[in-house]
Amino acid sequence: MADKTQEAGSFDLERVRELIEMMEAHGVTEVNLRKADERWVLRRGPAEVINMMASGGYAPPNYATAPQAPAPQAAAPITPAVPAVADGPVIKSPTVGTFYLSPTPTEPPFVKVGSAVKPDTVVCLIEAMKVFNQIPAEISGTITEILVNNGDAVEYGQPLFRVKT
Amino acid sequence: MADKTQEAGSFDLERVRELIEMMEAHGVTEVNLRKADERWVLRRGPAEVINMMASGGYAPPNYATAPQAPAPQAAAPITPAVPAVADGPVIKSPTVGTFYLSPTPTEPPFVKVGSAVKPDTVVCLIEAMKVFNQIPAEISGTITEILVNNGDAVEYGQPLFRVKT
Amino acid sequence: MFSIADYRTRTAKRRNYKPMFQRILIANRGEIALRIIRACKELGIETVAVFSEGDRGAHYLSLADDAFCIGPAAASESYLQIKRIISACEVSGAQAIHPGYGFLSENAHFAEVCKECKITFIGPSHEAMARLGDKVTARSAAMEAKVPTVPGTEGLVTDDKAALKTAKQIGYPILIKATAGGGGKGMRVARDESELVSGLKQAAQEAEKAFKNAGVYMEKYVENPRHVEVQFIADTHGNVVHLWERDCSMQRKHQKLIEESPSPNLPKKVREEICAAAVRLAKAANYTNAGTCEFIVDKENNFYFIEVNARIQVEHPVTELVTDTDLIQAQIRVAAGEELPWKQKDIECRGHAIEIRINAEDPDNDFRGCPGTITKLRLPGGPGVRIDSHVYEGYRIPPYYDSMIGKLIVHRPTRQAAITTMLRALDEFVIEGVKTTIPLAKLMLRDANFVAGNVHTKYVEQTLLAK
Amino acid sequence: MFSIADYRTRTAKRRNYKPMFQRILIANRGEIALRIIRACKELGIETVAVFSEGDRGAHYLSLADDAFCIGPAAASESYLQIKRIISACEVSGAQAIHPGYGFLSENAHFAEVCKECKITFIGPSHEAMARLGDKVTARSAAMEAKVPTVPGTEGLVTDDKAALKTAKQIGYPILIKATAGGGGKGMRVARDESELVSGLKQAAQEAEKAFKNAGVYMEKYVENPRHVEVQFIADTHGNVVHLWERDCSMQRKHQKLIEESPSPNLPKKVREEICAAAVRLAKAANYTNAGTCEFIVDKENNFYFIEVNARIQVEHPVTELVTDTDLIQAQIRVAAGEELPWKQKDIECRGHAIEIRINAEDPDNDFRGCPGTITKLRLPGGPGVRIDSHVYEGYRIPPYYDSMIGKLIVHRPTRQAAITTMLRALDEFVIEGVKTTIPLAKLMLRDANFVAGNVHTKYVEQTLLAK
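Protein chains in written order, with this note's numbering: chain F, 1 to 165; chain B, 1001 to 1165; chain L, 2001 to 2467; chain Y, 3001 to 3467.
Honestly, the hints are just simulated from the structure, not real lab data. Quantities reported herein were computed from a predicted structural model and do not represent experimental measurements. Where is the CB? At the ideal position from N, CA and C, for every residue including glycine. It is possible that some hints are incorrect.
With a Cα cut of at most 27 Å, we get these calculated DSS-like pairs of lysine-lysine [claimed, not checked]:
#, chain 1, residue 1, chain 2, residue 2
1, L, K2185, L, K2299
2, F, K130, L, K2115
3, Y, K3220, Y, K3161
4, Y, K3146, Y, K3269
5, Y, K3283, Y, K3345
6, Y, K3146, Y, K3345
7, L, K2209, L, K2458
8, L, K2115, L, K2212
9, L, K2376, L, K2283
10, Y, K3118, Y, K3161
11, L, K2083, F, K92
12, L, K2161, L, K2220
13, Y, K3083, Y, K3256
14, L, K2442, L, K2253
15, Y, K3376, L, K2376
16, L, K2168, L, K2458
17, Y, K3253, Y, K3209
18, L, K2458, L, K2442
19, Y, K3118, Y, K3201
20, L, K2345, Y, K3115
21, Y, K3220, Y, K3269
22, B, K1130, B, K1164
23, Y, K3083, B, K1092
24, Y, K3253, Y, K3185
25, L, K2269, L, K2209
26, L, K2083, F, K130
27, B, K1130, Y, K3118
28, Y, K3220, Y, K3253
29, L, K2118, F, K130
30, Y, K3115, B, K1130
31, L, K2115, L, K2146
32, B, K1130, Y, K3083
33, L, K2212, L, K2269
34, L, K2161, L, K2209
35, L, K2345, Y, K3268
36, L, K2268, Y, K3115
FRET-style restraints, in silico, Cβ to Cβ [stated by the list, open to error]:
#, chain 1, residue 1, chain 2, residue 2, range
37, Y, K3115, L, N2265, 54 to 60 Å
38, L, K2115, F, P105, 26 to 32 Å
39, L, P2072, Y, A3452, 27 to 33 Å
40, L, P2072, B, R1017, 54 to 60 Å
Using the sequences and the hints given, assemble the complete structure.
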């Protein structure tokens, strides 16, 4: 097969694989071979190093993981659900207070799933210090999910609605 | 196979492997070879990384560095020189005490660099609790280096002589 | 509009509370937030933490029973946001707020808002705070209470002309201070008329920027004084006790570096007089809860009233150690209406305590703040050592707030033993990833003049760091 | 052969020493090695650590001025190697050895070897240790000193026949104990003759294995007693003082889990009597340095002498906290020939101290040891909390030694407050990577009978863990 691929003027992936396995087995991070018009460059870093880089931050590589570790745990109980932040735009709470979907308990809610909103559409009330603040959507789109329940306490930056734009 | 691949105008991975093993054995991190139009560059991970892996142990990956980190530092003042351990066999101290190269200050030393030793050859005295213990080589070979000075305090397991077998 | 009552159910819990609080909101961050959480846990009170996005994920937040994000990292948008903090208190059902030190702790308006919202502010009444928290009115209060004060202007400086006139009467050097100030902000020393004019301008600008209050006043500048302050606490039943004094003469740019109790070389008679003076002032001002009366003491042990800190202070642990008390717990009890747990005669001062503030600052680069991640931490321990700190290996020090990452406090039978233990503890203290003031601390504790108790508030800058 | 003098220069430093030591070798590991390093640093004494390959790289070793590896991980090949330890002492120029607890601390032969080598053993003379360290001779010493003892055999058990006869006189249940024992090894309770015969055999085997001394003796088994022990210290000038008592009734398989001082519910009169008895015994035995006299106390507060621990103990910090003393420093001072720094009247017992041993054991799996790496550590702190521990985040607990990784000690004005603070501290204590006894500690501290001080040495096994 080797010859065949050589003739084909293409690369012998089997031998590249062999080289990579060699690098891995011996903790080699770079191989750069040149001969005539042929050149191979292979680079790798030990898994740990790659992780470190990934989770980089300011911390020096060999500690990069430690600083990250506590955060998620400690934050868990007090961080708004991460997935919400993850998929698509959300309307976040601009303050701390009590979340209300309707102007009064007896009236219909400002918005429902499926409601179209414009930036100035009022989507809910947040009561803080006996004052009911009308919260505008600030984006245009369609409400796809309501992330908190009527009467819930919400904190600053907490996602309230998910919106499809 | 070597020749064949040479003819094939490609690289001799066997010789690359040989080179890599050489690098690993001696803790070499980079090799940069050039000849005519041929050039080889090989790099291996930073020593720390290799050490980490080597001494990895029970620690989960994201903490692998932390447990190790203190060790080198804390151990530094009290650990026998690492290189000594690294290359080739050494004769280690079987106890704690004071190291003496000669039976008395006025007599010639038991061994010098270049001396041939057999397992039962006395290579030094270690004085502990006023008792002078004769220390046998316990291996055969030639003394290539004396790693402590006459009159030094030596600890258990401390390399005393390097030997070429 | 419509009836608010419809929606009031969830805060009912807060309304009908029993004598002692069930829930307290902590309007602060870092080590003092943790200190208050500890006190509440020991009193069986639930805690509500509030935090900025800059502190999200800090371990101490997980020790609170509840935690609310109240804004972005900037303090002005979070820890100083009265509305959001009150709202967090209401939605979390907390009945009281402990403000810690700094931030809103001496903001009389905040204390007043708490009262209006039927939330107990754990500190003095807003009236007492307004009177004693403001340096000018505090000064006249001190005079009425026969507490010696530094000669100076009766009120705020209005114009340069009047200022120059007064200065001539008092005599130079003159100290210019911001009426709303603290921590040295808005302070200037003027040794002649030209310095006075420029100093007044700079101080006013600095004060406006720092406290949104440009009011400044002047007083005689007592050269090379010691800083001695008296801890006191008052309940709502008219009982006031002092917990002896602290000496904080080791300062750099008006920032305390070492605090200790008792004050070295202060005669027993003077200690008793200065403590009695503080109690007189607290009673006269109808003060409640914990406070500190700050004095400067000259070479002849004359003491002059400087100001009242109407809050708990960073250095409260040294007093707790020598008097075997828990000041944060006491603050909470008296705020809940309980009587003080002690009479004056119960407050003995035993042994000697010293506190070192560990700041993430670079002593080799003009003490520039050193935010970053703590990559390695080995805390000291063993006999006589107390640590109040919220940091840990892997903690990232946010760049938005003050640089103090913890306090190392020791308590031993004698001052000499305390110094020895502190040096031992500092030698054990390993912190990597950020620069800290630990090297300066060692330098200070080994300094012959400090050991002899022969220092003043300018000693560190003029002598120690000048070396 | 030739003159040793040729080679003696390097040990000269050790020979011509001043009254106080310049260098002390610490023949121990872990938290107690660190504790001794701390005491030496505060006395201005250099330290020499010795360590096995199992402890290489531990942080506390870097706090010593010098450190020597003395053998492989197995204690028998390192921390119990008298020759290597003495040799390390000689080559390092140390003038004294502190043995800590366990290992060689109660080995009279080691103390004797030190003396022969002109090294000061920081502990009692080998004669006093031999007499009081051995339970049988200690017992007769106690009788001579009019210290009440539990009725039992006068000497070692020779043959089963004699043993059965004596047992009949004493009356069952009978407790079989190893004469060289400690920590419950070689102990058996026999409730009838058959149990006695088998128990004697097992105890002897266990003792031989653990202490290379198969000698066992018998005594009346006092059912459900409290464990009360008295800390005392004697100088070489005939002064002996006690530092009040500790209660260690919370045990599991004779291993102490909680130690506190003072002992709850022990009448003042009994406290004074039991402490006086300990001092009588120490004086009678011509004892020097620190020691502990252990008693069992029955429901009627009758106390019986059990044994003397001729060394410092794990739980010494609770005594240090209530008496405001430093026992390790005092040990070193009296070993150097100084007089005791206190008279008996100086030793007041103030407030209440509790110690929890944190062991790397799995409470859910019969307390199996849990060696491994500490992947996350958040130590408690703040008021009233003392931590004596050598571990840190990333520390790998070696599997070769006992499982204790630290001690959490609190000191508060009252027992109730101490329990509250301890629970608060335990709630803050985060340790990941290994299982620990922290959950058991919380269970014990919340237990109504413990809180009421209504427990005995079998309570944890028979009631708490049986629940």
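Checking each numbered hint in turn, tell me which of them this model violates, lowest number first.
Violated hints: 9, 10, 13, 19, 20, 22, 25, 31, 33, 36, 37, 39; rest satisfied.
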